[in-house]
Amino acid sequence: MSETKILLSERDIPRQWYNIAADLDTPLKPPLHPGTKQPVGPDDLAPLFPMALIEQEVSTQRWIDIPEEIIDIYRLWRPTPLYRARRLEQALDTPAKIYYKYEGVSPAGSHKPNTAVVQAYYNKQEGVKRLATETGAGQWGSALSLACKLFGLECTVYMVKISYQQKPYRRSLMQVWGAEVIPSPSPRTQAGRAILEQDPDSPGSLGIAISEAVEDAASRDDTKYSLGSVLNHVLLHQTIIGLEAKKQLELAGDYPDVVIGAHGGGSNFAGLAFPFLADKAAGKEVRAVAVEPTASPSLTRGHAAYDFGDTAGMTPLLYMYTLGHQFVPPGIHAGGLRYHGAAPLVAHLYEQGVIEAKAVPQRAVFEAAVQFARTEGLLPAPESAHAVRAAIDEALLAKEEGKERTILFGLSGHGHFDLAAYDAYLAGELEDFELPQEAIDAALAHLPKAD
Numbered sequence: 001m002s003e004t005k006i007l008l009s010e011r012d013i014p015r016q017w018y019n020i021a022a023d024l025d026t027p028l029k030p031p032l033h034p035g036t037k038q039p040v041g042p043d044d045l046a047p048l049f050p051m052a053l054i055e056q057e058v059s060t061q062r063w064i065d066i067p068e069e070i071i072d073i074y075r076l077w078r079p080t081p082l083y084r085a086r087r088l089e090q091a092l093d094t095p096a097k098i099y100y101k102y103e104g105v106s107p108a109g110s111h112k113p114n115t116a117v118v119q120a121y122y123n124k125q126e127g128v129k130r131l132a133t134e135t136g137a138g139q140w141g142s143a144l145s146l147a148c149k150l151f152g153l154e155c156t157v158y159m160v161k162i163s164y165q166q167k168p169y170r171r172s173l174m175q176v177w178g179a180e181v182i183p184s185p186s187p188r189t190q191a192g193r194a195i196l197e198q199d200p201d202s203p204g205s206l207g208i209a210i211s212e213a214v215e216d217a218a219s220r221d222d223t224k225y226s227l228g229s230v231l232n233h234v235l236l237h238q239t240i241i242g243l244e245a246k247k248q249l250e251l252a253g254d255y256p257d258v259v260i261g262a263h264g265g266g267s268n269f270a271g272l273a274f275p276f277l278a279d280k281a282a283g284k285e286v287r288a289v290a291v292e293p294t295a296s297p298s299l300t301r302g303h304a305a306y307d308f309g310d311t312a313g314m315t316p317l318l319y320m321y322t323l324g325h326q327f328v329p330p331g332i333h334a335g336g337l338r339y340h341g342a343a344p345l346v347a348h349l350y351e352q353g354v355i356e357a358k359a360v361p362q363r364a365v366f367e368a369a370v371q372f373a374r375t376e377g378l379l380p381a382p383e384s385a386h387a388v389r390a391a392i393d394e395a396l397l398a399k400e401e402g403k404e405r406t407i408l409f410g411l412s413g414h415g416h417f418d419l420a421a422y423d424a425y426l427a428g429e430l431e432d433f434e435l436p437q438e439a440i441d442a443a444l445a446h447l448p449k450a451d
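So that you can map any letter, position 373 of the sequence shown is 373 in the numbering used here, and since no number is skipped, the others follow by simple counting.
Worth flagging that the hints you see were computed from the coordinates, not collected in a lab. Just so you know, even glycine gets a beta-carbon here, dropped at the ideal spot from N, CA and C. Certain hints may be false.
[Stated by the list, open to error] Once the Cα atoms are required to be at most 25 angstroms apart in a straight line, the calculated BS3-like pairs of lysine-lysine come out as:
1) Lys280 <-> Lys358
2) Lys246 <-> Lys97
3) Lys403 <-> Lys284
4) Lys280 <-> Lys403
5) Lys399 <-> Lys449
6) Lys246 <-> Lys403
7) Lys246 <-> Lys5
8) Lys449 <-> Lys97
9) Lys399 <-> Lys97
10) Lys449 <-> Lys403
11) Lys149 <-> Lys5
12) Lys97 <-> Lys280
13) Lys124 <-> Lys5
14) Lys358 <-> Lys37
15) Lys449 <-> Lys29
16) Lys97 <-> Lys247
17) Lys284 <-> Lys97
18) Lys149 <-> Lys129
19) Lys247 <-> Lys284
20) Lys29 <-> Lys280
21) Lys284 <-> Lys246
22) Lys129 <-> Lys399
23) Lys5 <-> Lys37
24) Lys399 <-> Lys358
25) Lys124 <-> Lys149
26) Lys247 <-> Lys5
27) Lys246 <-> Lys129
[Unchecked claim] Quick list of the computed label-pair ranges, beta carbon to beta carbon:
28) Thr36 <-> Ala427: 49 to 55 angstroms
29) Gln352 <-> Pro200: 51 to 57 angstroms
30) Ile71 <-> Gln352: 32 to 38 angstroms
31) Glu180 <-> His33: 16 to 22 angstroms
32) Glu250 <-> Gly41: 40 to 46 angstroms
33) Gln352 <-> Gln16: 34 to 40 angstroms
34) Glu431 <-> Ala91: 23 to 29 angstroms
Make the full structure from the sequences, and use the hints.
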């Protein structure tokens, strides 16, 4: 088969999400209440989330039906294409076959709408009028802005200040879709004011922006909180990516030896990899590699422990690999990966040795992104480029070993709003950030006691 694009019809959109919780050898450790340190119940989460999402969060049912209204919206961009990267293979002179699943065809240009429209739908069903959220690079914020507009909800986005400054056009996109966008830390919330008192020039972080959005939602009866990664229900919705990719590879008569995804909070990696890990649980050989920045290496250098999902300590305590909730990563251009923790499901699989992780430096990531753009034509988002780097490394290893292998990676979004980052790379101005161990130790010293 010599196709470059492997396409499915709208009839082939999966009708169910895959819930990996059903296939875990040991169950996840439960989230704990930040005050009592006892396992949280549905009532504890109700001020933040609609009940339908809380039910999905704790479900161990393997398959969860996708509502027909969601399928109708998914048709705007799904199924997304699977590409065979033939030109990249030729440039690398590798015996490996490289495939990539491209999520940049969504209206927001990334994988994030896959869960944003679902969260907006369930909130609308329960009579919620407004959603508050955080965003790093703006991918999640723009996806939720679109979703809220589709369902007639108001949307307030707390955008990490460094990204607010670096990516003004992502901000414009959110405003086109009707959202209010606030640079974080902001004087609007107690959490934001506390950070600004300590550091008036704080670049912000996802952890800080989450604190602000959670505080906003908890203080208003008409508002719920919406999260773009980390939690089980978010990872669940993203599995539509890997489910489609499995069907597409079947059409191509192929199956991956390795599945690669960029990793920040975990939803992009999980969305592609989890459906293949279902096969691994059934005995099939497949590797899954989560790729993170050396500047924010939660899996490769973090500590497995209970920690807050936010900086101010307002969220439930989650058992995850963490750099510490007070960790503020350097201002790298992959803003969507600047998060201190890993999703509990991803952390659990890493701790069990089911998946692998690797950290890559910023300049090598952009080198790979430019090589990819010059061969395949598509310009990757800096976050997605972490997966490109790892895929190229795997292909070069195959060449070195003289072994064929099939590589699948997730190209989770396009880089059209990230051209300032590419400018900096081409001008030789990008730095690599290798976190000093002291910085990690200092943040880990503030881990909450959860015993």
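Hint check results:
1. Lys280 <-> Lys358: Judged against 25 angstroms, a Cα distance of about 20 angstroms means the pair holds.
2. Lys246 <-> Lys97: Judged against 25 angstroms, a Cα distance of about 15 angstroms means the pair holds.
3. Lys403 <-> Lys284: 19 angstroms, holds
4. Lys280 <-> Lys403: 22 angstroms, holds
5. Lys399 <-> Lys449: Measuring from Cα to Cα gives roughly 48 angstroms; hence the hint is violated.
6. Lys246 <-> Lys403: 23 angstroms, holds
7. Lys246 <-> Lys5: Roughly 14 angstroms separates the two Cα atoms, so the pair holds.
8. Lys449 <-> Lys97: 47 angstroms, violated
9. Lys399 <-> Lys97: 11 angstroms, holds
10. Lys449 <-> Lys403: Not OK: Lys449 and Lys403 at ~48 angstroms, beyond 25 angstroms, violated.
11. Lys149 <-> Lys5: Distance of about 31 angstroms is beyond 25 angstroms: violated.
12. Lys97 <-> Lys280: 20 angstroms, holds
13. Lys124 <-> Lys5: 36 angstroms, violated
14. Lys358 <-> Lys37: At roughly 32 angstroms apart (the allowed maximum being 25 angstroms), Lys37 and Lys358 break the hint.
15. Lys449 <-> Lys29: The given pair, whose Cα atoms are some 15 angstroms apart, holds under the 25 angstroms limit.
16. Lys97 <-> Lys247: With a Cα-Cα distance of about 17 angstroms, the restraint between Lys97 and Lys247 holds, given a limit of 25 angstroms.
17. Lys284 <-> Lys97: 19 angstroms, holds
18. Lys149 <-> Lys129: 11 angstroms, holds
19. Lys247 <-> Lys284: Distance of about 16 angstroms is within 25 angstroms: holds.
20. Lys29 <-> Lys280: Holds, at about 22 angstroms.
21. Lys284 <-> Lys246: 14 angstroms, holds
22. Lys129 <-> Lys399: Roughly 55 angstroms separates the two Cα atoms, so the pair is violated.
23. Lys5 <-> Lys37: Roughly 50 angstroms separates the two Cα atoms, so the pair is violated.
24. Lys399 <-> Lys358: 20 angstroms, holds
25. Lys124 <-> Lys149: 11 angstroms, holds
26. Lys247 <-> Lys5: 13 angstroms, holds
27. Lys246 <-> Lys129: Outside the cut-off at roughly 37 angstroms; violated.
28. Thr36 <-> Ala427: 49 to 55 angstroms: 52 angstroms, holds
29. Gln352 <-> Pro200: 51 to 57 angstroms: Given about 43 angstroms between the Cβ atoms, the range is violated.
30. Ile71 <-> Gln352: 32 to 38 angstroms: 33 angstroms, holds
31. Glu180 <-> His33: 16 to 22 angstroms: Distance hint for Glu180, His33 is violated at roughly 30 angstroms.
32. Glu250 <-> Gly41: 40 to 46 angstroms: 41 angstroms, holds
33. Gln352 <-> Gln16: 34 to 40 angstroms: 25 angstroms, violated
34. Glu431 <-> Ala91: 23 to 29 angstroms: Since the Cβ atoms of Glu431 and Ala91 sit about 27 angstroms apart, the hinted range of 23 to 29 angstroms holds.
Hint violations for this structure: numbers 5, 8, 10, 11, 13, 14, 22, 23, 27, 29, 31 and 33, all remaining hints satisfied.
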